[in-house]
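Novice: Each chain is listed here by its residues.
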Amino acid sequence: MQEILKIQNLKFQYPAYPGLDFPELLRGINLNINAGDFKIIIGKPEAGKSTLLKIILSLIPRYTQGIISGTLEFKGTQIDKYKPYELIEKIGSVFQDPDEQIFTTSCDTEIAFALESLGVEREEIKQRVDTALEILEIEKLKYRNPATLSGGEKKKLLMACLYAANPDLWLLDEILDELDPGAVKKIVQRLLREKRTVILFTSKMLDIFKLIPGNILVIKDGRLIDTTNMVQEAKEMLLIEEGLIFNPSESANRHSLAEITEPLVILKDLKYRYPGNDDFHLSIDNFHINRGEIVALAGRNGSGKSTLGKLIAGLRDKESGLLTVNEKNDLPCGYLFQNPDYQIFLPTVGEELSYGIKLMESQIQNTIDKFNLPDKNVPPTLMSYGARKRLQAAVYYLMERDLYILDEADAGLSLSDFENIINILHRTEKGIIIISHNMNLCSRYAHRVYLIESGRIAEEFENDLLKNLKSFFGNGESIL
Amino acid sequence: MITTTYVPGNSFLHKTDPRIKTILLLTTVPLFFFPLSITAMIMILILLTGTAIYSLGFSRFLQPIKMILPILVFVTILTPPFIRGGDAILSIGETVILTTEGITQTLRLILRFSGITLSFYLFFATTSINYFILTLNWFKLPYRVALIVTIALRYIPYMITIYNNIKDAHKLRGNDYNKKKLKEKLNSIFPTLVSVLIHAIKLIPALSMALELKGIGLETKRSTYSVIVSSNLALQIITSGGIVLLTILIALFI
Amino acid sequence: MSDKENKSSITNLPAFKIASLAILIAITTVFTFIIRIPIVQTKGYFNFSDVIIFFTAITFGPVTALIAGGIGTALADLLGGFVWWVPFTFLAHGLQGLAVGLILRKKISIPGILLAFAAATIIMAGIYFITAGIMYGFVLAAVEIPWNILQNLAGVIVGVPLAAAVKKAYPPIQNYKW
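Residue numbers (the working numbering), protein chains in the order written: chain A, 271 to 750; chain B, 22 to 275; chain C, 89 to 266.
If we strip away everything but chain A, and leave its shape as in the complex, we get (with noise of 0.2 Å):
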């Protein structure tokens, strides 16, 4: 069998900055690639994975200073000795975030760029492309323009690229986001059929990789565990301690609710056209939340849930029917966005909390501790994304709004740092909406879920109807 990857010993700790100390991430990283190996590594959000890529890619410490060590070994080269771009052919990959490397308007330029750099001949990179385009079922795309296309178009755009270049190794970084299952099994079958030696980085258990036997490695604290020879409960067990996959024998965490029902949203015939689509429009005939309630919008993406958030925080002009929210208060919703980025534009934690509102520094620190954040005189930019997305709530948990919307919440976020957040945020008085597209976070925090599709409420189900429910979209973490 063939070596491709082999890695030892890799360690390395992200620069320190006053007032932030990043602790070691990856620490004695062992792992070997051979030909045709099929390697599924899980780890929660910020437990090194992306960092790892980056590494394998020889981007870091390119662009990031930090302490490396340890050995890295692509055939048997230091992988050191390449730069980037002299990879194209060995190491693919796929990030994360489609918008940070899709970067033409067409997307057949886009699947020929890389052999244009390789000075491939045109008629031959003409024929890559659509047969590429054909792999992924995208033909119809060829000159579409890539700003159009829906996240899980993006990602098979991108997959298309690796297939086009067809490299020696493919690092896919949470690629099946934003797929439909159906396309899911169908592209990894296909790469396991082709026995492409591939290193899938996720952080969400999904069905599909039960198919894929004995190849799933965890990454937890800076390490690989490797779970081959793991028995089915220890494996779990792991699973669960890691928060990657909810523990089916603890009941949910959910909060009780007040005897007393007061309603704080009342939504009654809502219509909502979007602004140059006639097709699609939002139409909701009842809908409310009272004070005190956690109610989850569930839905697949483009169902229109993340419009009607919008809409109930008062970010979208409804085009008829009756919205109510709390009238007392000018602003009455917090709406946590998925990228937390949106919100963050001062130069300290402090300021950050304290914008727009006369706080005392007890406050201020009550409530770093209280969302674990770090020192108050931290640019929140260098912080790490979990640490964003928890100022982010503690932004408007200051602000004491009567709702929160927490729109993808729990994206990038650990299920424990994500429950901190809803347990802080749940009082008496407040009310919450979880907007997901993952039935069993959903079941697991709401009173109540509504189910919508198309613009419209499928379905609204109770608490307990939910167990039932569990069978209908099956176990482990179902992606709608």
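For the record, the hints were derived by calculation from the structure and aren't laboratory data. Hints may contain errors.
Restricting the straight-line Cα-Cα distance to at most 20 Å, the calculated cross-link-like pairs of lysine-lysine (PhoX-like) are [to be verified]:
{"no.": "1", "chain 1": "C", "residue 1": "LYS255", "chain 2": "A", "residue 2": "LYS646"}
{"no.": "2", "chain 1": "C", "residue 1": "LYS265", "chain 2": "B", "residue 2": "LYS223"}
{"no.": "3", "chain 1": "B", "residue 1": "LYS242", "chain 2": "A", "residue 2": "LYS353"}
{"no.": "4", "chain 1": "B", "residue 1": "LYS223", "chain 2": "A", "residue 2": "LYS588"}
{"no.": "5", "chain 1": "A", "residue 1": "LYS646", "chain 2": "C", "residue 2": "LYS194"}
{"no.": "6", "chain 1": "B", "residue 1": "LYS188", "chain 2": "A", "residue 2": "LYS588"}
{"no.": "7", "chain 1": "A", "residue 1": "LYS474", "chain 2": "A", "residue 2": "LYS456"}
{"no.": "8", "chain 1": "C", "residue 1": "LYS194", "chain 2": "C", "residue 2": "LYS255"}
{"no.": "9", "chain 1": "B", "residue 1": "LYS242", "chain 2": "A", "residue 2": "LYS396"}
{"no.": "10", "chain 1": "A", "residue 1": "LYS505", "chain 2": "A", "residue 2": "LYS538"}
{"no.": "11", "chain 1": "A", "residue 1": "LYS345", "chain 2": "A", "residue 2": "LYS276"}
{"no.": "12", "chain 1": "A", "residue 1": "LYS490", "chain 2": "A", "residue 2": "LYS505"}
A few chain B residues facing chain A, derived, Cβ under 8 Å [unchecked claim]:
{"no.": "13", "residue": "LYS204"}
{"no.": "14", "residue": "MET230"}
{"no.": "15", "residue": "SER247"}
To list a few chain A residues with every Cβ distance to chain C over 10 Å, as calculated [said to hold, decoys possible]:
{"no.": "16", "residue": "ASP291"}
{"no.": "17", "residue": "PRO293"}
{"no.": "18", "residue": "ASP307"}
{"no.": "19", "residue": "ARG332"}
{"no.": "20", "residue": "GLU409"}
{"no.": "21", "residue": "GLN459"}
{"no.": "22", "residue": "ARG561"}
{"no.": "23", "residue": "SER576"}
{"no.": "24", "residue": "THR594"}
{"no.": "25", "residue": "THR651"}
{"no.": "26", "residue": "ARG726"}
No residue lacks a Cβ here, since even glycine has one placed at the ideal position from N, Cα and C.
Dock chains B and C against the given chain A, drawing on the hints supplied.
Specialist: Relative to chain A, chains B and C alone:
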């Protein structure tokens, strides 16, 4: 979404090779700066108008005209009183308001501006931006400049989305843009601008990585996948040569 | 490996230069085209182009400001339908950015800012005055001068603090100047 000037279509001007259109544009525009006779200018403008209506339709033709209408109105009102030459046509008391020379000058400015506008519009309405970049490439624009513009075009709609999201996010933190006073307006838009810029700047190293992974930095000669495809190039060259000749004749002798 | 790459700074990488120019062009276009306060005037709107040009010149230096300022605003004209302006806008704003970048290259001081403002205004308003004058008469072109001075004033008043605020909130940007 943003609308570019380009109007997808199938007219003869759409099918004309963008390199030829560039040469046509480069002959037409400077013509309007030469001291042509008013008649010649009108004739060239009629030629352009005819082309515009024929290839884009009447309503599309009106679009740029509507945009420059305010300027044309201002030119008509403001120019004549400042031009003294020629015979006085209209005067209030001692002050001459309108002279023959004033009328000619004003007409010249109107014709010139309309002509230039229409020429540029015809070019960009029938040439997609990707083709425009390929054309510049063909005229020896460095590859990297073309790549930079392509990437910029890719990220314009993305940055607009980011801007709108950030605007929403800041609105909920209490930064309302609908303030009356300019100072308050600027104060509330400032945080949004900071967030947008941080977001954009964080994208730079990420994009740089993506570019390197796709081979930017290699010293191998790049091959090209996208090329300008056009049919009947010889016929196009002859026809446009004829048009250029006709225009120059009009300019010289009328 | 070329000699250039031996320097540790990533700003020497061709990929980094391409990426920063492209992103700043996109941002300039968005600031010019999207973020604007409408006014009835020949150019149609009061925009943030000069704000972003001052920002770019201070944080990224003269070359980036020349290219991003010129191409970014020209693209905005192209997208907005002001096609006849494209070449002139490219010149006016590109040279404006270059001037500000050169003047404020070393350090930001009050006299430096004033000088940059004066140079930016003379270049930008001057080029527009001459080109507009030739196109549709110097009378109307003169009417636009005050507006262009105001645009530059906004560039200084908003752009300079913006550069400072971004630098404070995101310190790594200090390494991006070239």
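Novice: Next pair to validate is LYS242/B with LYS396/A; report whether the Cα-Cα distance is within 20 Å.
Specialist: holds (18 Å)
Novice: Holds or violated: LYS505/A and LYS538/A, Cα atoms, limit 20 Å.
Specialist: violated (48 Å)
Novice: Find the nearest Cβ of chain C to the Cβ of THR651/A and say whether that gap is larger than 10 Å.
Specialist: About 5 Å separates THR651/A from the closest Cβ of chain C, which leaves it inside 10 Å; violated.
Novice: Would the non-interface assignment of ARG726/A survive a Cβ cutoff of 10 Å against chain C?
Specialist: The claim holds: ARG726/A sits with its nearest Cβ about 32 Å from chain C, beyond 10 Å.
Novice: Report holds if the minimum CB distance from GLU409/A to chain C is greater than 10 Å, and violated otherwise.
Specialist: GLU409/A is indeed farther than 10 Å from all Cβ atoms of chain C, at 28 Å.
Novice: For ASP307/A, which was marked as not at the interface, is the minimum beta-carbon distance to chain C over 10 Å?
Specialist: Given that every Cβ of chain C is farther than 10 Å from that of ASP307/A, nearest at about 30 Å, it holds.
Novice: Just to be careful, I want the Cα atoms of LYS646/A and LYS194/C compared with a cutoff of 20 Å; is the pair within it?
Specialist: violated (32 Å)
Novice: Taking 8 Å as the limit, does the beta-carbon of MET230/B come near enough to a beta-carbon in chain A?
Specialist: Nearest chain A Cβ about 5 Å off; hint holds.
Novice: Compute the least Cβ-Cβ separation between SER576/A and chain C, then decide whether it is above 10 Å.
Specialist: Nearest chain C Cβ is 21 Å from SER576/A, so the label holds.
Novice: Need the status of pair LYS490/A, LYS505/A: alpha-carbon distance at most 20 Å?
Specialist: Between LYS490/A and LYS505/A the Cα gap is close to 13 Å, so the pair holds against 20 Å.
Novice: Does the structure keep LYS474/A and LYS456/A at a Cα separation of 20 Å or less?
Specialist: holds (18 Å)
Novice: Against chain C, does ASP291/A hold up as non-interface, every C-beta pair farther apart than 10 Å?
Specialist: ASP291/A clear of chain C: closest Cβ-Cβ about 16 Å, beyond 10 Å.
Consistency with the previously given hints fails for numbers 4, 5, 10, 13, 19 and 25, ordered from lowest to highest.
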